[in-house]
Amino acid sequence: MMRHVWPHASLLHCAELLAAHEKGLTSETAGKIWPEGQESHGPAVALRWSTHPALGFPRRPFAVWRRLAEWKPDRSALDKPKTLASGLDELAIAGDELYEIRFAVTPTAGTTLVAEALDGHGRPIPGQRIAFDAAATGAMRCPGICALRLTGTGQIHDLRGMTGSSLADAAGWQRIAVVGLPYDRGSLPPHVYDTEVPQGYEPPAEGGYEAAKVRLQAERGLGLPRPASAEAGVPTPAGALLEQIRLSAGPLERITRCLDNSVDDDPSRRQSAYLYEHVREDIRQVDPPLPSGAAPARAGVPVVGVTQLAVGSDSEVATALGYGVIDFPPPGDPKEDGQVVWPPGLKPPPHVYLVEAVFRFPFAGDLTICALGQVRPPPGAAALS
Amino acid sequence: MPATRFGPYELLSPSSLAGFVFPAHIDRYLSTLVGSEPTPLDRHVCGKIDLFFFSVEGCVEFHVGSGSHDLEPPPLVRNVYLQSRAPVLVAGQGGERPIDASLGDARPLGGAGELPEVPVDSVPVLQLHAPPVVSGASTFTAPLAVPPNKTPDEFIDVGGGRQVKYTITSIAISPPVAGAGPIPATWRPGQGSGPQGSETRIDLALMSRVPTPGEHALERSHDLDLQVEQRWGGLCTPIARPVCVLFSCCGQAIGPSGSGWTLAGRAQPDAPGTRRTTPPPTAMRVDEPVRAAGLGFLDILSRGAGGPYRDPALVLGRDPVELDKPGGKQGGKKGQLPAGACTRALQLPLARQRRLDNPIELDWQLENLLQETGDDRWITFRTGAGNARVFMAVDARLTRAGGLRVRQLDATGQILVEEELEDIPTLPISGITGLPADWLDPNGPWAADVLPVAQFLAEAQFAALKKILFTVKNQGERLQLAIPAQFKDYDVPARAIVGVIEVCPQSEKIRWQSETAVADGELKTLIGYLGGGARVPLLANDTVYTLTVDYDAVARDKDGNLTDYAGRSQAFQFRTDDRPPARLDAHVYGSTPQQGEKFHFYEDPVKLVFDDEAIVRLYAQYGKQLRFVVRGADGVPLPSAEVVDLDAVAAEFGAPYREALLVLMRNYPDRFNCVGGSFSVGRHASWTSPVPLLPCMHYTFDIELDPPYPVPPGDEQKPVVPLFRRSFTTSRFASLAALIEATRGRRILHRALAAPLGFTGAGEVVLPVRSIEEALTRAGEQALPAGSDTGFTIYWVFRPALSKWVPHAILIDAAEPLWRLRDEPALEQAPNQPDPACKRLVPATRQALRLAQFGGAQIARFVRSPAGTRTVAVFADSFVPAAGGTTIEIVAEVLPSALYDIAADTRTLLQLTLQPVAPWEEQP
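Top line first, the protein sequences correspond to chains A and B. To convert, note that position 80 of the first sequence is 80 in the UniProt record's numbering; the numbers rise steadily by one, no gaps. To convert, note that position 706 of the second sequence is 706 in the UniProt record's numbering; the numbers rise steadily by one, no gaps.
Chain A with its partners taken away, still in its complex shape (with noise of 0.2 Å):
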């Protein structure tokens, strides 16, 4: 099935754990996943992703790939150098969003050029700005790029860009893991979710409860944070966060019912639509005094909308849920065609990633959503948008 790369309904964000690895957490963390596994590791991955909660969930796993990184540019915006004379210059790019963009630019002697990225709506992408102060080649690498903005004067050629779309079907991706819900194999029928695809890293073989352990497992020997428990200084033990996910009531139990109560390709009857109702008896009004259970407190829960808000701001959560995992690529050596000047604090990793689904749309059934990774821009570096 052809895979399709919306950035403005996908999106995947790669962040190498360099400390972990300095600290040769990295392999230590590898060996107690895989006792036979490969022993040379460059530093792990982790990777975050979320879907617009209009697209609901999927109904099976995801899966997540890798390949090393690659120019293999299929656009050209400038056939012949231009010369930015007034200060100020957009060029856009037809067709496909772009994953990569590189350029040379000439500044006038003495003075700063700076190129930035835009999305199709005409913003600065968060991060993708570099100020040249002499002739380089810029590169830049994000999902979504639509064109190229340069303040300043100079001259600026050969702009030329790699598609998302091209990149998702290219070959040489290889499949890392199957990432979903956590629920127990064969606990739901299929047509609410499917138990029985196997998750786990490659080869994938366990449930998804299990699967989900291993990748908090992997997450923590890593050393990332984790939530803080109800004592004070004591972290919350390993797979306490999965059973707090799979309370009564709980985050999981309310996913299901949204999965079960909704059709996907039923506009009227899309999960996104879907409120979990959320009945508390211990929050009522007090004056004047009611009977006990007397109109408690009801809340109406986007189930969707929620656990998108609590995966995309909680790592653990996302890890758990299914929207992260830990990648342990071997170390990557990514050819290089000359010298290229990378956004501050921007230069990606050796490989490029990709996670995927399958998501059902009325009038248009099946269709395989993909994300191409993204890294963040360190804290402040941030564009003002």
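Where hints are given, some of them may not hold.
Beta-carbon label-pair distances, calculated as ranges [to be verified]: (1) B:Arg355 - A:Glu36: 46 to 56 Å; (2) B:Gln230 - A:Ala19: 54 to 64 Å; (3) B:Gly260 - A:Ala15: 30 to 40 Å; (4) A:Glu22 - B:Gly431: 53 to 63 Å.
A partial selection of chain A residues facing chain B, derived with a Cβ cut-off under 7 Å [claimed, not checked]: (5) His52; (6) Val301; (7) Phe363; (8) Ala364.
Bear in mind the hints are in silico, worked out from the structure with no lab data behind them. A virtual CB, placed ideally from N, CA and C, is assigned to each residue, including glycine.
Model the placement of chain B on the given structure of chain A, informed by the hints.
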């Protein structure tokens, strides 16, 4: 999360909200409803994460409680209480009535329980839920002023987005109360009450001009000063004229929102020296189309498939790169808008289509569904009614027939007026040319907002768009700009970009009119309070009164829908008592002679000074007179007199609230230049006995009730307690003049002392008689007999440095005190209060008679006995009589008293010429 109590709700368990994802947001978003209980509470608790390419949002719908949002407006009258009228000025003077406090709540008509029984001068106070509209109300009082906490549109919030307006149609009392003139009624707003305050309640005091519930009860203090300043300080400051507000997208994040925007506007500054209680509406909500839940996939799918989709409304803009900064970083300091933050404009939703390399073929039903969503390219500005000037850039196609539409909507979103942009007069704008001068005035408030926008829209990227300015006289509450569904432009989307909107809201005109009306009302209230007017009538005694308030109410829901609740009525009852106060002490400010006086000159008047004149009318209302009865020790019957025809006496002290107000007016006359006239702190009422007195007689005078109440059977032997009593003894002298006259011809002795007397101090020094005698004895004087009669002795001492005798002191013995006091309250610092302004009026005595040197300063001190009959006038050590003699004159001074109408008087007690040599050294 600890158990939290918010209004009528309580979270019973610390972990109650653990099941929700973002409990920290709860407190911020939940608010309570005011009104009848049980009360429901509905809130959306939202969280949002901006992932740049899209955002994730979840809103939990939270509902607590029972009942319905369609509650009727709460009753206008929360309560009626009867306020005690006790014009007590002096601390500790309180009698059987509380000061300014409630005597009880009137009983709702038909309610259970006893009727409160109150004095006939009680003040009925209506406690209202909110300031009502009173114009056109029929009341038994003078026409009501505009309530000082009136909101501009007369609606008040009752929670849940609901508002209520009350209109009083009638206030009646039965049986009627008759007065000589209009019966006053005065608003008393609560602390912090005002159009912007959370406290909307207000009291209406009937039959009173006092604008505060604590006129007498509140102590003089800094807090009271502040309270007075808060309410009256700006009385004469003109109300700020209506202003316009300019809105831009300054500071807004670039990109789409998904849930609209709230723009921060900039208002024209008020003219200097003006005031307002309600700020201009500088926050404007901007709405955008939002897909129904479940249909959010439409645009995502169609966009991803390469089909037509809605590009949402978004803020365009650019944060300029400052090339002189390392790395070409953007500017902006913490806490300030970065440079270029005003380079913003708001673009209407676009119908777009991005051609993909491999589009997905979409089902025709999807396109149909997209079509059915229809008229969804709009943005709505919640401007409120009023004129709006819009500066925007538009695709030329939108300026023609079938293009952009300008809609005036009511508060519910219904279209009131719809015009095509083509039909609206527009001004072409080029750069900044054509923009209103006041927008560009570098000294005005708006240039910094307008110029970046105008420059931004003048950039090459918008060159194809027409820049225009047009004005809309918006009759509705909202202004909507819409691209109709029929306008097809998928290939080249037609852009409509709003740069700036200036709004001259109708609400500002209404605010100005309202605040002006309130100011007029407050001015009348203040003049009525300070200036008084016709006597306020009293209630009839032993009568059941029914107070009825008729009113209409209108409720307005959050969508602007109105519901009438006309013809409402509330009635309350209370009863007046049948007996006047049993004691007068609480109403007597002072008397002369004072209690226990032993030497009252028998021709000096006997006076009673009441707190105010109302006391006599109070007793008269019960059919009683106050009768002055004086009895001498000789048993000879004396005539009695009715206490009538009181004389007004200007008060030195008044009610603390009134005093604080007058001090404020005196200190800031320019802030009260609209008031005019002069005002006093109040007036006491004085009565003078016509009964002549005899010398050297003990008297008791009483104020008695006339006619007295019959003695109940069995109480015949019980003593009858008068309303008020004073006892005193008269002097053997008719007056001070007579006392002085009696000293004439007394012998003046000269005696030598072995040493000075050793008295210290200056002015008046009070020492026990024994101390004075011991000082004289130590200095060589023989033991003195008691000063039974007036006599003068000049004491001389030898000054070795001068080698001569010099006058040292004069001993003055008198038959009656030459130093006297009278009762007059005085201010003192309240004990144990850190506030230096906290003072209270306490019973005190002041000097009434004293001795002094007249025409010279040779006497350094007057040392006197406590009784005032023996005085030693001590000369300064440096005093040496002149060669030709020095005349010394000692006078008795009567100190004036406005309270008792006593004039200053000075009588010579002793005049003699002292020679430079002692009499015994003179040559024969």
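*Hold the hint about A:His52 up to the distance rule: shortest CB distance to chain B must be less than 7 Å.*
holds, 5 Å
*Take a look at whether the Cβ-Cβ distance between B:Gln230 and A:Ala19 falls inside 54 to 64 Å.*
The hinted range 54 to 64 Å holds for B:Gln230 and A:Ala19, with Cβ atoms some 59 Å apart.
*Does the interface hint hold: is A:Ala364 within less than 7 Å of chain B, judged Cβ to Cβ?*
This hint holds: A:Ala364 lies near chain B, its Cβ roughly 6 Å from the closest one there, short of 7 Å.
*Look at the Cβ atoms of A:Glu22 and B:Gly431 and judge whether their distance stays inside 53 to 63 Å.*
Given a distance of about 57 Å, which is inside 53 to 63 Å, the answer is holds.
*Does the nearest C-beta of chain B fall within a distance shorter than 7 Å of the C-beta of A:Phe363?*
It holds, given that the least Cβ distance between A:Phe363 and chain B is near 4 Å, below 7 Å.
*State, for the Cβ atoms of B:Gly260 and A:Ala15, whether the hinted interval 30 to 40 Å holds or is violated.*
holds, 33 Å
_Just to be careful: measuring from the Cβ of A:Val301 to every Cβ in chain B, is the smallest value less than 7 Å?_
At about 5 Å, which falls below the 7 Å cut-off, the nearest Cβ of chain B leaves the hint on A:Val301 intact, so it holds.
_Beta-carbon spacing of B:Arg355 to A:Glu36 - inside the hinted bounds 46 to 56 Å or not_ = Holds: the Cβ-Cβ distance is about 51 Å, inside 46 to 56 Å.
Every hint, counting from the list given before, is met by this structure.
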